[in-house]
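Modelling step: build the complete structure from the supplied sequences, incorporating the hints.
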Amino acid sequence: MTRLTYREALKQGLREALQSSDKVFLLGEDVGRYGGSFAVSKGLLQEFGPDRIMDVPLSESGFTGAGIGAALGGMRPIVEIMTVNFSLLAMDQIVNNAATLLHMSGGQLNVPLVIRMSCGIGRQLAAQHSHSWEPLFAHIPGLKVVSAGTHEDARKMIMAALLDPNPVILFEYTAMMNLEADMEDPLPAVDLSKAKLRKSGKDLSLITYGSGVYKCLHAAGELAKEGMEVEVLDLRSLRPIDTEAIVASVRKTHRALMVDDAWQSVSISSEVSARIMENCFYELDAPVQRLNGLEVPMPYPKHLEDAAIVQPSQIVNKVRQMLG
Amino acid sequence: MTRLTYREALKQGLREALQSSDKVFLLGEDVGRYGGSFAVSKGLLQEFGPDRIMDVPLSESGFTGAGIGAALGGMRPIVEIMTVNFSLLAMDQIVNNAATLLHMSGGQLNVPLVIRMSCGIGRQLAAQHSHSWEPLFAHIPGLKVVSAGTHEDARKMIMAALLDPNPVILFEYTAMMNLEADMEDPLPAVDLSKAKLRKSGKDLSLITYGSGVYKCLHAAGELAKEGMEVEVLDLRSLRPIDTEAIVASVRKTHRALMVDDAWQSVSISSEVSARIMENCFYELDAPVQRLNGLEVPMPYPKHLEDAAIVQPSQIVNKVRQMLG
Amino acid sequence: MTAQEQTMKADASLKMKLLRQMLLIRRFEEKSAEMYTKEKIRGFLHLYIGEEAVATGVTAALSPDDNVLATYREHGQALARGVDPGAIMAEMYGKQEGCSLGRGGSMHLFDAKTKFYGGNAIVAGHLPMAVGMALADKKMKRNQVTCCFFGDGAAAEGEFHEAMNLAALWQVPVLFVCENNLYAMGTALKYSHAVTDLEKKAPGYGIASATVDGMDVLAVLDAAHKAVDTIRTTGKPYFLVCQTYRFRAHSMFDAELYRDKNEVDEWKERDPVTRLEEQLTAEVALSADDVLKMKKEVEQEVDRSVDFAEKGTWEPVDQISRYVYK
Amino acid sequence: MTAQEQTMKADASLKMKLLRQMLLIRRFEEKSAEMYTKEKIRGFLHLYIGEEAVATGVTAALSPDDNVLATYREHGQALARGVDPGAIMAEMYGKQEGCSLGRGGSMHLFDAKTKFYGGNAIVAGHLPMAVGMALADKKMKRNQVTCCFFGDGAAAEGEFHEAMNLAALWQVPVLFVCENNLYAMGTALKYSHAVTDLEKKAPGYGIASATVDGMDVLAVLDAAHKAVDTIRTTGKPYFLVCQTYRFRAHSMFDAELYRDKNEVDEWKERDPVTRLEEQLTAEVALSADDVLKMKKEVEQEVDRSVDFAEKGTWEPVDQISRYVYK
Ligand SMILES: Cc1ncc(C[n+]2csc(CCOP(=O)(O)OP(=O)(O)O)c2C)c(N)n1
Ligand SMILES: Cc1ncc(C[n+]2csc(CCOP(=O)(O)OP(=O)(O)O)c2C)c(N)n1
Ligand SMILES: [Mg+2]
Ligand SMILES: [Mg+2]
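Chains as they are written, first to last, in our numbering: chain A, 1 to 324; chain B, 325 to 648; chain C, 649 to 974; chain D, 975 to 1300.
Please keep in mind that the hints were generated in silico from the structure rather than gathered at the bench.
From the three backbone atoms N, C-alpha and C, an ideal C-beta is built for every residue, glycine too.
Please note that the accuracy of each hint is not assured.
Examples of chain B residues lying across from chain D (beta carbon under 7 Å, computed) [as the list claims (entries may be wrong)]: (1) Ser383; (2) Ala450; (3) Gln452; (4) Pro623.
Pairwise CB distance ranges, derived in the manner of DEER restraints [stated by the list, open to error]: (5) Glu911(C) x Gln46(A): 12 to 22 Å; (6) Asp1234(D) x Ser21(A): 54 to 64 Å; (7) Thr1011(D) x Pro374(B): 28 to 38 Å; (8) Asp306(A) x His578(B): 23 to 33 Å.
In structure tokens form, the structure reads like this:
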């Protein structure tokens, strides 16, 4: 067992990826000399040198596209888009090129590219720097989209993404960087395509991902004290979504609540609700509910930010209400 | 009654908008000298002159941002992004600026901007030119998103969008340009925020928008011959979505099928299904179903393109099955 | 009156105004850092210390009708523009008396009254908007300049290219002010740009340009006057590169691993505030007492801004969805 | 051997190869237009007629190991690169014998065998990819050039700026070939660029550059040799502007309202194919019979491509989701 912050877990994962092959390199804004905007890559420049840890100019579309080209050329780039907030500038490259080339070329050109982005809300960074845009990427066929909601996944998802021959978008969570947790060492590899049951229970399924995982676990702990056994299913993969795991959970509990910080309309939570509707309508004892971030550009002050994202107490209340 | 193509309806709408105030101007790639890539603005340069119909260089982010600035400066720009396929290049401007400024500035700066985009599938334009990306925009608070699925809306939505003090994204459908229809003249104004019942029925609700509207009406006609009375609800506004109209329809029919060409995962259809789940679960006689475009980058050949988007016959079959 | 003549008139009284302005920015920023440490201010905080001459000099060349847009490192521009210091401090506290209702914080100062249009935190995202604002002015036949501040890092973004080209094509009155402080976060200029002489970007768009010592407020004022005059006469855009340096870290999360302490110290020798202060003292326009008095006034003004922020109130949570739509 | 010496060796036999190449492109494009009218080809079709010298000359200077990326107006580049004409025609028919399995159509020709990387239909979207491919070559120490074709319109996009800067910063072997045909759809060069001399964009990035008459295949070949030699020697990018003109409409949906019939006719006088043909005839390297024979061969080759496409088969619908993921 080792005790690591989420940040250190990410760095371990990156290091492992870089060690796995000379073809792997990291490129992004301030990943090298600055040490990474959230210090995730701090020290890696010294460890691997400037050819493997490449600082790039502010040019999200340019360097993401270059990552795609380098992947086509046989390298295994890991592109860091500093935060998801800047990903829209690279969206055309990600969607029209990375996600599309394999199919459009009739199977000739796959793009084995990993794109990491720090994501989420919770450090009072206000409207242009506080986004949960997993839904925008989860809509796109050709991409795989994964979300590291726990320390284990922070540690192991990078390597798993790198082994995938497809473009993989990997979401990491800014607000969790300093959070500590114990983890096994060595850790087993993860299967990117599968959801993971983080806690089992029989009364209700909390279905979540990313920044929602620890919140749901926390809420589940509170609820357990009141005798309610809720289970927590971490989707992990947002594209494709592991429908089977969702159905299995709902078949057991007959009630589900989706929890995530993203804006609710047209989100992962919408999709999960629709899939439950289609796959286990007759198993439901009550309608599936959703708890999401408020649909507003994120305000700066703490009290408004707190009000705009899901709080564990809200989860507890909602579950009480659904089971009451 | 006048008989007009969808293209002519759009042009009429644009003309009306331009006539309504000197502050209104159209800017976009090839809107002037070329006559518009789908000939929608053909002749308007001659009619209104180059200050009102502005050709711009290829620079989607630049001219969309300039549209935002011009709106802040008191003008009423209508930005044309030639097709939705290129909108990703302007996505940062649309989301981080247009949609965000009002809230972020504490109510000081609204952005009265209309952004028109031709959208959709059906002319064998292949993977980089055949997209139904309404879902990406419908996710964003601060935007209004509307979809012109009929000739009347093609005609009247532009003016309504222009009267709105918020940024409005208006989707027009490439594949419908040459379609003719009769319409009243003068036509009453439209209320952008409301869904519209295009046909009423008691057996099942077809809920749709955009390129789905005529397909659903066609399918409903076929089904009527077999004695099935389905109703067709055109959402029209994809953000906000008119939940009330959806609920009213489902309360009547107790069965619903969502139809649209967009990729299914994390789409408008997911959202509608989730809202029905939350608002009228106990009214449902059967699970809500969804018919969507196949989740693939669009292939070029006709037979594959046809297979990738929703066909009226599929709607008919699906409804038969749901009612059978 | 030509630009040169105008600059000639930058007499003692004007210079004193400039000094006071720079002192205010300096002191305000120091106080902000202090308040950040006290956790009164949160989120990202980017200080302008070292770069005061740029905002001060450029803004002094503008008229109240002109538009100003800036980055997330914009307290200096906002203060120079005349946004109330109390409203800025309250904004950083997140209080509803803040200039953006407390919604924006340090990175998103907005003030419609003084035509201060942010406070934009997507690097280079405001450049196209600036062009559009100038286009609106041109269309409405208002003889106004839109002044847009941005960094050396921003000039690498595609939007810089698009905005420069559009401004030149449309011949609209934009003053592009590049605050070249040699770093984009931890990325030195030479890692951001293949050609580090940023002025060399202008000919590719046919845009008039100049480079000025951004540590010398009088030089900046002079260059800005020339630029603004040219813009008002020709109606065309102008690209002004100000060579400057930030004395502090990029933001409050920055260990400054990427630059040498010596380099920082060398630049500190060129402190724009000390420089003007010394010059004014040497010219005997200013006595040691005058300086002291000015500093005290500034101190009081900054203290008042903190008081104002402290007394401010929180926006009620139930108003959070106000202004998502108008 | 220097570039000049190489060009000197562009003797009769080489010139004949170039002529044949251009004739093939010309004839292939005419046939494509015909097949479009017959509705065998659908979607968008962009013809290269008039611009043949550019693809022909540039591609002739490349080695088979080099990478080629092009736009949606890429039949000429694909043919010159050696992609099988039958596979291209079949692709435009949408048959699975097409070079992209029929999935891509006219705008998305891909052929890994000949290192032809599209067929990219988002204007300027392939420029960053080209830089990345060159970066991979550099990292893997392969002495290869990545050649990237794009239009005058593309140079206005932000990605042009970002890609040029990255290529120069990283010093990677990219040949940027701007096919300046004076229009981006219906937008004349002067409405796309404030500075219409596109070569003037290069100094802003410190990239070596040249402009060449794109209606003269020998001049293009010469310029391309120089460019490629420079790239192979220095490892650095190069910007080559080819001044050319498209004789046909932008695509099959274009009423050509934006340009004068006279202008088109004037440019047709400079037809690159006729020009080389006349030159070769004048040099007595080629007789009228030779020309006829060559044209016949080309005709047959084009006919064979149509036959091949006609005989091709449709990809079964149940395979549609193949290759969404590998
Ligand atoms: C599009 C975008 N990418 C990345 C960032 C993160 N970021 C914030 S400031 C900054 C550096 C900008 O440098 P420069 O333009 O030189 O301005 P300075 O901070 O030096 O004033 C970066 C990378 C951002 N805000 N926006
Ligand atoms: C990003 C983007 N915007 C718009 C279009 C539509 N479009 C296709 S070709 C074209 C003109 C491009 O002109 P240029 O780069 O000069 O190339 P040419 O067609 O002249 O060869 C336009 C506007 C597109 N495909 N991609
Ligand atoms: Mg800087
Ligand atoms: Mg062109």
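Which hints, by number, does the structure contradict?
-> 8
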